[in-house]
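Visitor: Residue numbers (the numbering used here), protein chains in the order written: chain A, 3 to 221; chain B, 3 to 221.
Possibly wrong hints are sitting among the right ones.
Unchecked claim - Once the Cα atoms are required to be at most 30 Å apart in a straight line, the calculated DSBU-like pairs of lysine-lysine come out as:
| id | chain 1 | residue 1 | chain 2 | residue 2 |
| --- | --- | --- | --- | --- |
| 1 | B | K31 | B | K104 |
| 2 | B | K173 | B | K104 |
| 3 | A | K104 | B | K173 |
| 4 | B | K104 | A | K104 |
Stated by the list, open to error - Here are some of the chain A residues that sit facing chain B, going by a computed Cβ distance under 10 Å:
| id | residue |
| --- | --- |
| 5 | A39 |
| 6 | V41 |
| 7 | L43 |
| 8 | R71 |
| 9 | Q73 |
| 10 | A76 |
| 11 | T81 |
| 12 | M86 |
| 13 | K143 |
| 14 | Q165 |
| 15 | F167 |
| 16 | G178 |
| 17 | L187 |
As the list claims (entries may be wrong) - From the structure, some residues in chain A lie toward chain B, with a derived Cβ separation under 7 Å:
| id | residue |
| --- | --- |
| 18 | L68 |
| 19 | L69 |
| 20 | A70 |
Rather than coming from a laboratory, the hints here were simulated on the basis of the structure. Even glycine gets a Cβ: it sits at the ideal position worked out from N, Cα and C.
2 protein chains.
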Amino acid sequence: MREQYREELEDINSCLVEMANSVGSAMSKATTALLDADVALADLVIAGDEQIDAARESIEQRCFTLLARQQPVATDLRTITTAMRIVSDLERMGDLAAHVAKLARMRFPDHAVPQEVRPIFLEAGHVAESLVTKTATVIAKLDVEAAAQLEAEDDLMDQLHRQLFRELLSKDWPHGMEAAIDVTLLGRYYERFADHAVSVARRVVYLVTGEREMHASHV
Amino acid sequence: MREQYREELEDINSCLVEMANSVGSAMSKATTALLDADVALADLVIAGDEQIDAARESIEQRCFTLLARQQPVATDLRTITTAMRIVSDLERMGDLAAHVAKLARMRFPDHAVPQEVRPIFLEAGHVAESLVTKTATVIAKLDVEAAAQLEAEDDLMDQLHRQLFRELLSKDWPHGMEAAIDVTLLGRYYERFADHAVSVARRVVYLVTGEREMHASHV
Numbered sequence: 003m004r005e006q007y008r009e010e011l012e013d014i015n016s017c018l019v020e021m022a023n024s025v026g027s028a029m030s031k032a033t034t035a036l037l038d039a040d041v042a043l044a045d046l047v048i049a050g051d052e053q054i055d056a057a058r059e060s061i062e063q064r065c066f067t068l069l070a071r072q073q074p075v076a077t078d079l080r081t082i083t084t085a086m087r088i089v090s091d092l093e094r095m096g097d098l099a100a101h102v103a104k105l106a107r108m109r110f111p112d113h114a115v116p117q118e119v120r121p122i123f124l125e126a127g128h129v130a131e132s133l134v135t136k137t138a139t140v141i142a143k144l145d146v147e148a149a150a151q152l153e154a155e156d157d158l159m160d161q162l163h164r165q166l167f168r169e170l171l172s173k174d175w176p177h178g179m180e181a182a183i184d185v186t187l188l189g190r191y192y193e194r195f196a197d198h199a200v201s202v203a204r205r206v207v208y209l210v211t212g213e214r215e216m217h218a219s220h221v
Numbered sequence: 003m004r005e006q007y008r009e010e011l012e013d014i015n016s017c018l019v020e021m022a023n024s025v026g027s028a029m030s031k032a033t034t035a036l037l038d039a040d041v042a043l044a045d046l047v048i049a050g051d052e053q054i055d056a057a058r059e060s061i062e063q064r065c066f067t068l069l070a071r072q073q074p075v076a077t078d079l080r081t082i083t084t085a086m087r088i089v090s091d092l093e094r095m096g097d098l099a100a101h102v103a104k105l106a107r108m109r110f111p112d113h114a115v116p117q118e119v120r121p122i123f124l125e126a127g128h129v130a131e132s133l134v135t136k137t138a139t140v141i142a143k144l145d146v147e148a149a150a151q152l153e154a155e156d157d158l159m160d161q162l163h164r165q166l167f168r169e170l171l172s173k174d175w176p177h178g179m180e181a182a183i184d185v186t187l188l189g190r191y192y193e194r195f196a197d198h199a200v201s202v203a204r205r206v207v208y209l210v211t212g213e214r215e216m217h218a219s220h221v
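Kindly generate the complete structure, drawing on both the sequences and the hints.
Guide: Structural data, given as structure tokens:
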């Protein structure tokens with residue numbers, strides 16, 4: 003019984019890693035859909051969000067069942083409650099990828115993102131992808147070092163976000179209000195995506211070290 | 003022992019209700035700070051967010067201790083895991099109130115919100131307050147009826163959000179890009195605040211009825 007229980011815990015962990023990879027792939031596709039005005043790809047991301055939601059339900063249910071049947075204490079209990087929180091961050095990241103895709107879809111056949119800010123979104127997409135890849139590693143290996151690197155990349159995302167505002171506020175923004183609203187919201191989606199990735203990493207660090215030192219003033 | 007356990011569960015529930023009220027009060031003050039450019043009030047909301055975060059930690063810890071010591075099953079277990087999720091929605095609502103307050107502070111002594119859209123934010127503030135009051139009732143009384151009313155009010159918030167975009171996109175938006183960005187982000191904060199209130203209500207409904215029928219396509 004104990005053996006089975008270990009296996010189940012490990013399997014839940016693998017599912018979290020898989021879910022992180024799905025979410026990363028969703029954001030990556032969403033960024034391409036956005037930059038290429040690729041509506042088919044956007045649709046794929048939007049449809050795929052259901053699978054991410056289903057993965058959340060499934061993992062939550064398995065955690066719940068473990069709690070009910072095994073009545074774990076101490077570290078095992080904390081591992082399961084942490085998994086339940088991580089899964090909700092990951093689901094939210096999937097929603098944000100879908101938001102990006104929906105915006106690309108809404109403006110099709112136009113590009114939602116004007117030329118001047120394309121490089122920023124391209125980079126934001128790369129940072130998002132790299133963040134979520136590291137997050138998956140942190141979950142898979144309970145790697146506290148990798149979690150620290152995540153924080154640095156999150157700072158990069160914040161810089162990109164500020165750069166976006168500078169572009170919007172520059173005198174020669176010729177793209178009108180609709181594009182400005184789109185860009186503002188898109189910037190927020192990428193920033194939140196990064197925040198959730200960092201939040202997942204912090205949860206793992208807390209689980210491993212019992213320290214919340216990385217819990218800085220992120221918004 | 004069993005008696006103590008019941009009392010602890012009820013006490014956690016009271017803390018959730020209290021936290022919902024704090025979060026409602028924070029958003030209400032933040033709205034006033036925004037509309038009156040009242041920086042002292044904004045500071046109060048920003049400082050108060052720490053107490054909301056502390057409430058979250060405390061409630062989470064108590065839930066965790068209950069899980070570890072009492073090893074509940076079935077409905078009791080579900081009640082506790084639901085409380086852990088609700089507390090994270092409520093904390094996020096507190097963050098969003100603080101975001102509104104920070105924006106009011108950033109633009110002080112100017113008003114962040116131009117005259118034309120003041121009525122929309124005034125109303126959004128009222129809807130937010132009403133939503134969170136109903137949310138508190140849903141938690142306190144496990145009132146499934148009240149939860150249904152929440153959905154209607156959330157629709158109202160969505161309408162206000164669309165109205166905001168119409169104002170921004172109207173030909174005579176004379177307030178420039180900075181105000182447009184502020185208004186776009188503020189609209190998003192109120193909308194997310196409402197979404198979280200609805201999410202809390204849905205969690206309670208699911209706990210009581212075991213049905214996720216209200217789990218519509220909210221974003």
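Visitor: Look at each hint and say if it fits the structure.
Guide: Now for the hints, and whether the structure bears them out:
1. B/K31 / B/K104: Measuring from Cα to Cα gives roughly 12 Å; hence the hint holds.
2. B/K173 / B/K104: 29 Å, holds
3. A/K104 / B/K173: 25 Å, holds
4. B/K104 / A/K104: Since the Cα atoms of B/K104 and A/K104 sit roughly 29 Å apart, the hinted pair holds (cutoff 30 Å).
5. A39: Violated - the Cβ of A/A39 stays beyond 10 Å from chain B, reaching only about 21 Å at its closest.
6. V41: Because about 19 Å separates A/V41 from the closest Cβ in chain B, which is outside the 10 Å limit, the hint is violated.
7. L43: This hint is violated: A/L43 lies away from chain B, its Cβ roughly 19 Å from the closest one there, beyond 10 Å.
8. R71: 8 Å, holds
9. Q73: Cβ of A/Q73 sits 4 Å from chain B, so the hint holds.
10. A76: 7 Å, holds
11. T81: At 12 Å from the nearest chain B Cβ, A/T81 fails the 10 Å test, so the hint is violated.
12. M86: Hint holds; A/M86 Cβ to chain B Cβ min 7 Å, cut 10 Å.
13. K143: 25 Å, violated
14. Q165: 14 Å, violated
15. F167: Since the shortest Cβ distance to chain B is 7 Å, the answer is holds.
16. G178: 9 Å, holds
17. L187: 7 Å, holds
18. L68: 11 Å, violated
19. L69: 6 Å, holds
20. A70: 5 Å, holds
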